[in-house]
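**Student:** Take a look at the letters that make up each chain.
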Amino acid sequence: MSEPLSTAAETGRRTRRGVWELVLLTLAMFGFGFALVPIYNALCELTGLNGRDQGMQLVATVQEQPDLSREVTVQFLTVVNGGREWSFKSEVAEMKVHPGQLYTVNFVAENQLDQDVVGQAVPAVTPGKAARHLKKTECFCFNQQPFKAREAKRMPVRFMLDPELPADVGTVSLSYTFFDVTELAQRSAKPSTPGAATTLPRG
Amino acid sequence: MANAHAHDAHDHHDHHGPDKGIMRWIKTTNHKDLGTLYLCFAFTMFFIGGLMSLVIRAELFQPGLQFVDPEFFNSMTTMHALVMIFGGVMPAFTGLANWMVPMMIGAGDLALPRVNNWGFWILPFGFAMLLSTLFMPGGAPAGGWTMYPPLVLQTGNAFPMLIFAVHLLGISSITGAINVVVTILNMRAPGMTLLKMPLFVWTWLITAYLLIATMPVLAGAVTMLLTDKYFGTSFFTASGGGDPVLFQHIFWFFGHPEVYILILPAFGIVSTIIPTFARKPLFGYASMVYATASIGFLSFIVWAHHMFTVGMPLAAELFFMFSTMLIAVPTGVKVFNWVATMWRGSMSFETPMLFALGFVFLFTMGGFSGLMLAITPVDFQYHDTYFVVAHFHYVLVPGAVFSIIAAVYYWIPKWTGRMYNETLGKLHFWLSAIFINVTFFPQHFLGLAGMQRRVPDYNVMFTDFNQMSTIGAFGFFLAQFLFIGNMLACMFGKRDGKVPERVWEGAHGLEWTVASPAPYHTFEDPPLVGDNGEPVAAGKPAHGH
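Listed in order, the protein sequences are those of chains A and B. Per this note's numbering, the first sequence starts with residue 1, numbered consecutively. Per this note's numbering, the second sequence starts with residue 1001, numbered consecutively.
Worth flagging that the hints you see were computed from the coordinates, not collected in a lab. Worth double-checking, as some hints may not be accurate.
Stated by the list, open to error - Have a look at the derived ranges for each label pair, beta carbon to beta carbon: (1) A/Glu110 - B/Leu1314: 33 to 41 Å; (2) B/Gln1066 - A/Val169: 49 to 57 Å; (3) B/Pro1137 - A/Ala9: 38 to 46 Å; (4) B/Pro1377 - A/Ala93: 26 to 34 Å; (5) A/Ala35 - B/Asp1457: 36 to 44 Å; (6) B/Met1372 - A/Glu110: 29 to 37 Å; (7) B/Ile1471 - A/Val169: 47 to 55 Å; (8) B/Gln1066 - A/Glu138: 54 to 62 Å; (9) A/Leu68 - B/Pro1313: 27 to 35 Å; (10) A/Glu91 - B/Leu1051: 53 to 61 Å; (11) A/Asp168 - B/Pro1377: 13 to 21 Å.
What the hints assert, rightly or not - Here chain B is said to cover these stretches of chain A; the calculated rule only asks that three of the stretch's residues, wherever they fall, bring their Cβ under 8 Å from a Cβ of chain B: (12) 7–21; (13) 69–79; (14) 175–182.
Computed from a predicted structure; not experimentally measured. We put the CB at the ideal spot given by N, CA and C, even for glycine.
Taking the hints into account, I'd like the entire structure generated from these sequences.
**Tutor:** Quick look at the structure:
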């Protein structure tokens, strides 16, 4: 490229070629923007970034091997997005658990509107490095939760911290944010499948 | 160049001068006409964006709510940023590239003149769409120019207008960037090797690549916002399995290179002006080129320093902290070279030089506050405070905007054939330099003391510094009328006295070998460029090939 050019025809040919290369680069970068979505999700699952990874997923069976010598505090946090539709609480604020043992905790949500709504709880675990060690055999967050007008529901979560949990983690926070997904549920007629929040239909 | 003149007048009857009337400007494919259009458009947008900033500063003159609703205040911060970035600084640089790149490399025009026309005329439509939202029910976008979901998804009718406006501005920038790259790589005059190109051409080449690589990513991100709002996707909707933090990553993957898109051409301008008025060649030309390229590369791996507080793993925070600090190295090389260029030079202080010196000093201050923000633990305190506002205004106003003003003063005698008024120019510089510091320096203190950005009200203890800042903002805005008047006089005033081809006796480069004003067509026959970057005298072969 450093040598000067000769004929107009030659310049025209190189110009056309250069333009096409750059247009392709533009399209590739437009695609790359979208490719960042799966890349990001893969990275999150790999690193526990944002408290999202296997810990969010349904684990069919777990082997209980309680490590009675160790006690970890698990805190339960509840948030309602927008804060209007539900009252949403955990029955206990926190509990002491032994890694390797299954526990059940109940969450209670009450629809405060005079109309039917569909809720979806999105979990997050802090610290991020604990996320992959929180296994759940049952969680209301795996499904969209339909509520009749003024209906209250008690929803269990059955979970275990696996004994691999890093030794420096003394407290794990499990937070649920309840979203109103009534519109989303109506729009996608597809029934939501049990599975991870991260594998929910992405449109 | 008398040659080009004669050429123009007699030989090329198919390439006569411009059409008459308004159609000249609508149909033009001439790089000089389009450069003028881009610059006029940019200064119109600077004016509109400036008025918006005055609304913000007027509201912040006192604590409590005085003049505008909080919602409208938020619209003003959002629109001010969008207008200044996409309507002011970027088109101004594109306008300068239109005017100067072909003349600096000895090309007759840009490679794709029609695309150039199209790229420009998209802009007024894009901004008509964006600005029309100010008059819509529900108001203009108010969620910040960064368009973070879920907040931005609450925008009313303005939302699709915002998204499509961003699409249009992106298309315009990309067409401009492709044009610049192809022109620089294929249409240099014989003898104009890559490492003989003026630095302004180099910095624009790298800027153009940054534009091509990042504007499509922004287009993708805002398209995802659009489908999230209207088509039931959940890219960024947590309840559907998406993640709003993902948007921040994608946005800043665009946004950080964008920051360098806004400053690299400024580096090129300053690297052109300082040698002229120090009457010495640029110190460390090759290191300037490599420093620019390193900054371009590094800009792609630092994006998450905009979101230290979002909750990233420690390793990521460390990585983004150190990679950000690394950028200070090539930037330091540049500042060192500018200072070394002046060392023992025969300096004189015409208006372009004053603005270039103001740039070096004040941009470096903005760079230092950037280094402070790069320190992750410190950023937790500074995040979303006026310290950040002070930082990016220091690099954008006395940085990018001063360089644009310097460039216009420097080249307008070449463009119009009339010299600007030096006394008014110097007055404009000193008023601008003083008021810009009165405006933004106190904001450092406000930020460190905890005043949040994007909030129309504040604690009474912040009142004094806010009042200083507001006075500075009004002063700076008023001072710009000196500039507008000076430029209008150059464009439309009486042509008394002849402006020489080489307007500044210390200036070098092909653009100073054509007549002032530059003929409508220049370098239709490419000159043979010698080792000094200027045409070889007729009959003598170029050296060094």
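**Student:** Given the hint of 54 to 62 Å, is the C-beta distance from B/Gln1066 to A/Glu138 inside that range or not?
**Tutor:** The hint (54 to 62 Å, Cβ to Cβ) holds, given that B/Gln1066 and A/Glu138 are roughly 56 Å apart.
**Student:** Okay, B/Pro1377 versus A/Ala93 on CB: inside 26 to 34 Å?
**Tutor:** This hint holds: roughly 30 Å between Cβ atoms.
**Student:** When you take the CB atoms of B/Ile1471 and A/Val169, is the distance between them in 47 to 55 Å?
**Tutor:** Because 53 Å falls inside the window, the suggested range holds.
**Student:** Determine whether the Cβ-Cβ distance between B/Met1372 and A/Glu110 falls within the hinted range of 29 to 37 Å.
**Tutor:** violated (48 Å)
**Student:** Determine whether the Cβ-Cβ distance between A/Glu110 and B/Leu1314 falls within the hinted range of 33 to 41 Å.
**Tutor:** About 39 Å separates the Cβ atoms of A/Glu110 and B/Leu1314, which means 33 to 41 Å holds.
**Student:** Between the beta carbons of A/Leu68 and B/Pro1313, is the distance compatible with 27 to 35 Å?
**Tutor:** holds (31 Å)
**Student:** Is 13 to 21 Å right for how far apart the beta carbons of A/Asp168 and B/Pro1377 are?
**Tutor:** holds (20 Å)
**Student:** Holds or violated: the stretch 7–21 of chain A covered by chain B, criterion of 3 or more residues with Cβ-Cβ distance under 8 Å?
**Tutor:** Check passed, 5 qualifying residues.
**Student:** How does the Cβ-Cβ distance of A/Ala35 and B/Asp1457 compare with 36 to 44 Å: does it lie in that range?
**Tutor:** holds (42 Å)
**Student:** Taking the CB of B/Pro1137 and the CB of A/Ala9, does the distance hold inside 38 to 46 Å?
**Tutor:** Since B/Pro1137 and A/Ala9 have Cβ atoms about 57 Å apart, the given range 38 to 46 Å is violated.
**Student:** Does the stretch 175–182 of chain A contain three or more residues whose Cβ lies closer than 8 Å to a Cβ of chain B?
**Tutor:** Result for this restraint: holds, n = 4.
**Student:** Given the hint of 53 to 61 Å, check if A/Glu91 and B/Leu1051 actually sit that far apart at their C-beta atoms.
**Tutor:** Taking Cβ atoms as reference, A/Glu91 and B/Leu1051 lie about 56 Å apart, which means the hint holds.
The structure shown violates the earlier hints numbered 3, 6, 13.
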